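Undergrad: Sequence:
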Amino acid sequence: MFENLVEILKKNPRKIVYTEGTDARILESAARLKAGGFLTPVLVGNVDDVKAAAAKGGFDIEGLEIIDPETYPEFDAMVEEMVKLRKGKMSAEDCAAALKKSNYFGTMLVKMGKADALLGGATYSTADTVRPALQLVKTKPGSHLVSSVFIMVRGDEMLAMGDCAINISYEDTVDKDGNVTLSAADKLAETGVECARVAKIFGIEPKVAFLSYSTKGSGKGPAVDLAREACAKAKAMAPEFDIDGEMQFDAAVSPTVGQLKFPGSKVAGYANTFIFPEIQSGNIGYKIAQRLGGFDAYGPILTGLNAPINDLSRGCNAEEVYQMSIITAALA
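Number 114 in the UniProt record's numbering belongs to position 114 of the sequence shown; there are no gaps in the numbering.
Rather than coming from a laboratory, the hints here were simulated on the basis of the structure. Every clue listed holds true.
Result set (DSSO-like, lysine-lysine): computed pairs, CA atoms no more than 30 angstroms apart in a straight line:
| no. | residue 1 | residue 2 |
| --- | --- | --- |
| 1 | Lys233 | Lys176 |
| 2 | Lys100 | Lys140 |
| 3 | Lys287 | Lys138 |
| 4 | Lys15 | Lys200 |
| 5 | Lys220 | Lys233 |
| 6 | Lys287 | Lys233 |
| 7 | Lys114 | Lys84 |
| 8 | Lys216 | Lys235 |
| 9 | Lys200 | Lys216 |
| 10 | Lys266 | Lys287 |
| 11 | Lys176 | Lys140 |
| 12 | Lys56 | Lys101 |
| 13 | Lys10 | Lys114 |
| 14 | Lys140 | Lys84 |
| 15 | Lys233 | Lys266 |
| 16 | Lys200 | Lys114 |
| 17 | Lys287 | Lys235 |
| 18 | Lys100 | Lys15 |
| 19 | Lys100 | Lys89 |
| 20 | Lys10 | Lys51 |
| 21 | Lys261 | Lys233 |
| 22 | Lys89 | Lys114 |
| 23 | Lys34 | Lys56 |
| 24 | Lys84 | Lys15 |
| 25 | Lys138 | Lys84 |
| 26 | Lys261 | Lys216 |
| 27 | Lys266 | Lys200 |
| 28 | Lys200 | Lys10 |
| 29 | Lys266 | Lys216 |
| 30 | Lys15 | Lys56 |
| 31 | Lys89 | Lys140 |
| 32 | Lys114 | Lys56 |
| 33 | Lys138 | Lys114 |
Everything numeric in this text was worked out from a predicted model, so none of it was measured.
Using the sequences provided together with the hints, build the complete structure.
TA: Structure follows, in structure tokens:
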């Protein structure tokens with residue numbers, strides 16, 4: 001997978017900003033990417049501190065761009081732009097204070113076109129990576145929420161799973177008068193379609209299964225209704241993909257069980273893109289595949305934003321930073 005992505009990036013190199021420029025894992029990855037020549041890292045932090053951390057780790061970052069929020073010549077313009085984006089929710093003083101923090105500053109670099117993508121979360125929490133993205137980069141036209149995808153790889157086998165990291169549950173959005181402006185099914189459907197689109201980028205021909213404890217009406221309940229309705233909406237949103245559900249996991253992956261429980265489905269028995277009904281089952285599911293199934297997990301890859309902004313695990317190693325850098329740049 002990575003060899004193909006690198007070849008694509010060699011033809012169209014991208015600039016990616018790292019919000020934690022003094023972190024040894026980031027520096028090791030940035031030095032490796034610099035040597036590869038197919039991606040341009042930008043490190044956020046105090047220049048002397050970043051260089052000292054690189055020297056301590058023995059990482060060659062000579063020639064890499066290091067941007068310090070405290071001395072950035074376009075900082076005032078950045079503050080002015082953020083005030084406009086926040087539409088009265090934050091004063092100029094509040095925006096200036098936020099932009100002194102590398103997570104907001106790095107996100108604003110992407111928003112202002114100074115970088116193509118962002119990778120953070122080596123020390124920041126997921127919330128501290130996603131919040132600036134929602135406030136500044138915002139969701140892309142037609143998207144109503146940020147979701148996530150994990151690409152699971154075992155040898156030549158690749159799967160996509162979502163959402164396993166962002167949306168705790170899917171609930172109706174209502175206005176002050178109690179009218180539903182965006183249904184839970186709409187949100188889950190969008191998660192499924194975005195997951196399929198990411199899968200396609202990484203060379204998976206999506207066969208999308210909306211998972212449940214029920215297959216084709218074998219079970220009853222609100223969760224089953226949600227999965228079934230979301231599946232129908234997803235089919236309408238993206239007729240170019242094979243999408244089906246609701247179905248149990250065995251019906252999704254076993255041709256024998258799929259034919260028995262869901263005859264006539266193009267997806268049942270052959271699914272490779274799995275849409276979980278909420279984060280708890282999704283998080284458990286991808287970790288079972290990782291720990292018991294021997295799959296490598298790449299993600300979470302965030303979907304729905306106007307630019308690629310991805311979140312690392314705080315327990316990541318330098319190799320994972322390197323891999324997520326390639327994935328993030330490939331989405332730009």
